[in-house]
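**Q** For reference, the chains in residue letters:
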Amino acid sequence: MSAILPPSERLWWKHPLDRVEGTWIAIALVWCLIMFAMMVGWHVYGKQNLSTETYRTKPDMFAAKAQAVVDKYTVRTETDDKIPVVHPPEGSDVYLIARLWAWWPILELEKGKTYRLHLTSMDYNHGFSLQPANINIQVVPGYEHVVTVTPNQAGSFSVVCNEYCGINHHTMVSRLYVK
Amino acid sequence: MSTTTTYRTCPRSGLQFESQAEKLMIANAVAAVVFLLIGGILAVGVVLTRWPAVHWLQADTFYQVLTAHGIDMLIFWIIFFEIAVLYFCSSTLLRCRLATPRIAWLAFALMLIGAVTNNVAVYQGSSSVMMTSYVPMMAAPAFYLGLILFAVGALIGCFVFLGTLVIAKRDKTYQGSVPLVTFGAVVACIIAVFTITSGAIILIPTFLMSVGIVKEVDPLVYRTIWWAFGHSSQQINVAAHISIWYAIAAIAFGAKPMSERVSRGAFLLYILFLQLASAHHLLADPGLSTAWKVVNTSYFMYFAVLASMIHGLTIPGAIEVAQRQKGYTKGLFEWLRKAPWGNPVFSGMFISLIGFGFLGGISGVMMGTEQLNMIIHNTIYVPGHFHATVVVGTTLSFMALTYFLIPVLFRREMINPGLAKLQPYLFGLSMYFFCLVMMGAGTLGVSRRHWDMAFSGSAMAYEWPGAAYLMMGLVGIAGIAAITGGAIYIYITVGSILWGKRLDKGAESAKFTPIPPTAPSAVVQSYGSMGFAAPGTFALAMVFLVAFVLYYFINWKYLSTLWGMS
Ligand code: HEM
Ligand SMILES: [Cu+2]
Ligand SMILES: [Cu+2]
Chain W
1 MSAILPPSER LWWKHPLDRV EGTWIAIALV WCLIMFAMMV GWHVYGKQNL STETYRTKPD
61 MFAAKAQAVV DKYTVRTETD DKIPVVHPPE GSDVYLIARL WAWWPILELE KGKTYRLHLT
121 SMDYNHGFSL QPANINIQVV PGYEHVVTVT PNQAGSFSVV CNEYCGINHH TMVSRLYVK
Chain H
1 MSTTTTYRTC PRSGLQFESQ AEKLMIANAV AAVVFLLIGG ILAVGVVLTR WPAVHWLQAD
61 TFYQVLTAHG IDMLIFWIIF FEIAVLYFCS STLLRCRLAT PRIAWLAFAL MLIGAVTNNV
121 AVYQGSSSVM MTSYVPMMAA PAFYLGLILF AVGALIGCFV FLGTLVIAKR DKTYQGSVPL
181 VTFGAVVACI IAVFTITSGA IILIPTFLMS VGIVKEVDPL VYRTIWWAFG HSSQQINVAA
241 HISIWYAIAA IAFGAKPMSE RVSRGAFLLY ILFLQLASAH HLLADPGLST AWKVVNTSYF
301 MYFAVLASMI HGLTIPGAIE VAQRQKGYTK GLFEWLRKAP WGNPVFSGMF ISLIGFGFLG
361 GISGVMMGTE QLNMIIHNTI YVPGHFHATV VVGTTLSFMA LTYFLIPVLF RREMINPGLA
421 KLQPYLFGLS MYFFCLVMMG AGTLGVSRRH WDMAFSGSAM AYEWPGAAYL MMGLVGIAGI
481 AAITGGAIYI YITVGSILWG KRLDKGAESA KFTPIPPTAP SAVVQSYGSM GFAAPGTFAL
541 AMVFLVAFVL YYFINWKYLS TLWGMS
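From first to last, the protein sequence lines are chains W and H.
In this text, residue positions in the first sequence follow the working numbering: the first is 1, and each later residue adds one.
In this text, residue positions in the second sequence follow the working numbering: the first is 1, and each later residue adds one.
Everything labelled a hint here was simulated from the structure, so no lab data went into it.
Among the clues, some could well be false.
[Claimed, not checked] Only pairs whose alpha carbons sit at most 20 Å apart, straight line, appear in this in silico EDC-like list of lysine to aspartate or glutamate:
| hint | chain 1 | residue 1 | chain 2 | residue 2 |
| --- | --- | --- | --- | --- |
| 1 | W | 65 | W | 108 |
| 2 | H | 215 | W | 123 |
| 3 | W | 179 | W | 90 |
| 4 | W | 58 | H | 216 |
| 5 | W | 47 | W | 110 |
| 6 | W | 72 | W | 93 |
| 7 | W | 58 | H | 218 |
| 8 | W | 113 | W | 81 |
| 9 | W | 111 | W | 123 |
[Claimed, not checked] Listed next, with one range per pair, are the computed distances between beta-carbon atoms:
| hint | chain 1 | residue 1 | chain 2 | residue 2 | range |
| --- | --- | --- | --- | --- | --- |
| 10 | H | 197 | W | 64 | 38 to 44 Å |
| 11 | W | 40 | H | 197 | 28 to 34 Å |
| 12 | H | 516 | W | 40 | 50 to 56 Å |
[Stated by the list, open to error] Covered stretches of chain H (in silico footprint by chain W; criterion: 3 or more residues with CB under 8 Å from a CB of chain W, positions within the stretch not fixed):
| hint | region |
| --- | --- |
| 13 | 41-52 |
| 14 | 125-139 |
| 15 | 164-178 |
| 16 | 279-289 |
| 17 | 471-480 |
Cβ coordinates follow ideal geometry from the N, Cα and C atoms, glycine included.
All chains should be modelled from the sequences, with the hints used to inform the complete structure.
**A** Here is the structure:
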C-alpha cells in the first residue's frame, strides 16, 4: 500500500480523496482561474500588452525604410561612429535595427506621445532590453515586429542586447531618449 | 525468448534487482555523475565570471564554458540519471527482467558517444552557441550530430522501459495496477517520447543546414519547435523527480499516497497539458498571436500548474498521515519536527520539494504570464528560476535518491555519513539563496548569457544600479557554496563506490519472486472519511498560496507603472 507497491484497490480511480485534498484542489483551481482572468483582463483593461503585429521582412527592405526615417528626422549624431539621433513626429513609424553588434539609429521620443516602433534583426537573434524600465522583447531575424509604445517617463534610457549574439554581445548597447 | 539472468533480493530494502537491469542502472547512473562533475567544474568558470569583482574568464571562453555547462547539466547529467530511474521503476519495482538488455546497452552507447561528440565539438571552440543554438547562428555539425545521437539513444531507452512494462504484465509479476511511482515514470516516458521527437524534427534540419544540405531553417519556426523540445524535457524532469519524491516518502516513512486517484490524476494532467506550455518561452516573440499565447500559457499551463500544486500537497500530506499514525500527533507540526532530518535521503527530498514549489513554482508562473514575461524575458531572472527547478528540484532529488541507492544498488557502505548528512543542507540552501539573488538581479534587468555587465569597449555603456552589482556578487558567493555542496556529493558517491565497504549481495535466484498482492485497506473509505487528515500540510499549503498571490500581484503592480504598449 505504498507508492512503490501496486495499489490495493485495483481500480485506483475509485480511490476516495481526503477532505484536505478536495479543499486544496478547489482552492488551487480557483486561483488558476483568477490568473487566467488576469491575463485576459489585462488585454482589455491593462495598458501594457505586447503587440503581435508582425510582417516578414528582408534586411535590405527594412534597412531602406529605416534609412528613409533617418534621412528625414535626424536631429544630431552621437559618438565617434556618428550614430544619427532620430526625433520622429508623434504617431509615426519608427525603425530600430539590431545587428552585430549595434542598435541603429538612436531614438528620441516624447513623453506621453505614441509611436509605432518597428524592430528587426539583420543577422542573428537579438534582445531589446530597455533599461532601467526593464522592458524586454525578442528580436528575430526575418520578422518585423511592430510595437506601439507610449513612453510615460522622460529621461535617458539604455537599450541593452540581452539575447546572446556572439563574441561582442556585451558591447551591443545603445541609448534612447525621452523628452 | 528466454534469457538467462538472475535476481537478487537486497537484504536492506527487500527490493529485487535483476542482474542485467542492475548493471545498466549502474552504468547510466555513473555516466550521469561524470557529466555532473564536468558540468560542475564548468559552473566554477561561469559563476566566477559573472561575479563582477572576479570576472575571471575571457569572453570567448566564457561563452564556450556556458554552452557546455548548460548542455552537460541539463541534458546529459539529468537524462542519463533518468534512464537509470526508468529501469529502476520498471524492472526493480515490478520485479521483472529488463526487456532486451542488449538494445539497452546500445542505447547507452549511443548516448555516451553522442554526449562525448557534442562536448568535443564545444571544446573545439566553434560551437559556442548556447544549448538553445538559435539559428541562424551555427555550430559545427558534430554539435548537432552529438545531440541527435544522444536523443536517439534516450529514445531507445524509453522503449526498453515500455517493453519492460509489457514483460512484467505478461509474466504477471504483480497484480492490479502498477505502483504510483512507476505510473509517474510512465508519464515521464510518454512525455520523453514526444519531446525527443520534437527535438529530432528541429535538430535534424539544423544539422543538415550545418553541413550545407538544407539552405535555411526559419528562425521563428526553429524557436517554436526547439521549445516544444526544450520545455517538454523539463516536464520529463518534473514527472521524474515527483515520482522520486513519492518513492522517498514511501521508503523513508512507509507513507502511502493519500489518494491514488488524486495523485495519478495529477500525473495525467501533465501528459495532457504540460508539453503544450512551450509557449511561455515565446511570449516576447513576434509573430505569434495573442490567442495562441493566452491559450497555451493559461488554459494549458495552469492545468499543469494545478497538477504540481496537487503533488506539492499530497506528498507532504502522505508523510504527515504516516507520521501521525506513528503517534506524532501534537499540534500542527510535530510530524514534521520529528522527521528524520539527519537522513540525507529525506532531508534532500524535502528541501527539494519546498524549494521547487516556493522558488521555482512561483517564479515560473509569474514568468509564464503573457504580459509579466516582458519584465524578465532574457534577464538573469530566468536562470534564477530554472536553477530552482532543475537544480533544487531535479538535481537535489536525484542526489537524495543516490544516498538511498548507494547501499541498495551499488552495495557499498556510504563513506563519511557525517558529511552526507550535511550535504543536502549546504547544496540545497545555498542554491535557494543563489536563485533568489539571481532573481533579484534579473528584476533589476541584468541580462543572462552576458559576459560583462560593465559593457567594456562600448561607447554608450549602461551603468547598472549598485544593487545589481551587489546581487551579482552574491550570486558568485552563493554559487561557490553550491558548487562545494555538489563536490561533496560527488566525493561521497564516487568515494563510496570505490572505497566503501562491500555489502552483502542478498539471496540470488534464477527466477523472479512476484510481488505479493497487497491486502485491501481495512475500512472502505468515501470522500472525507479520514476527516481532515493532514492539517499541518494544509497550513503549509496556505502559506505557499499567500506567498504566491502576493508575489504575483506585486509584479502586476510594477508592470502597470511601465510605458504604455499595445
Ligand atoms: C552547482 C552549482 C551551479 C552553479 C553555481 C551554476 C551557475 C550558473 C550560472 C551563473 C548560470 C547563468 C549564466 C548566464 O546566463 O550568464 C548558469 C546557467 C545554466 N545552468 Fe547552472 N549552475 C549550477 C548547477 C547547474 C545544474 C545542476 C544544472 C542542471 C541540472 C544547471 C543548468 C544550467 C543551465 C541549463 C544554464 C543555462 C545555460 C544557457 O543560458 O544556455 N546548472 N548556471
Ligand atoms: Cu545582440
Ligand atoms: Cu546580444
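**Q** May I ask which of the numbered hints given earlier this structure violates, with the numbers listed in increasing order?
**A** 8, 9, 13, 17
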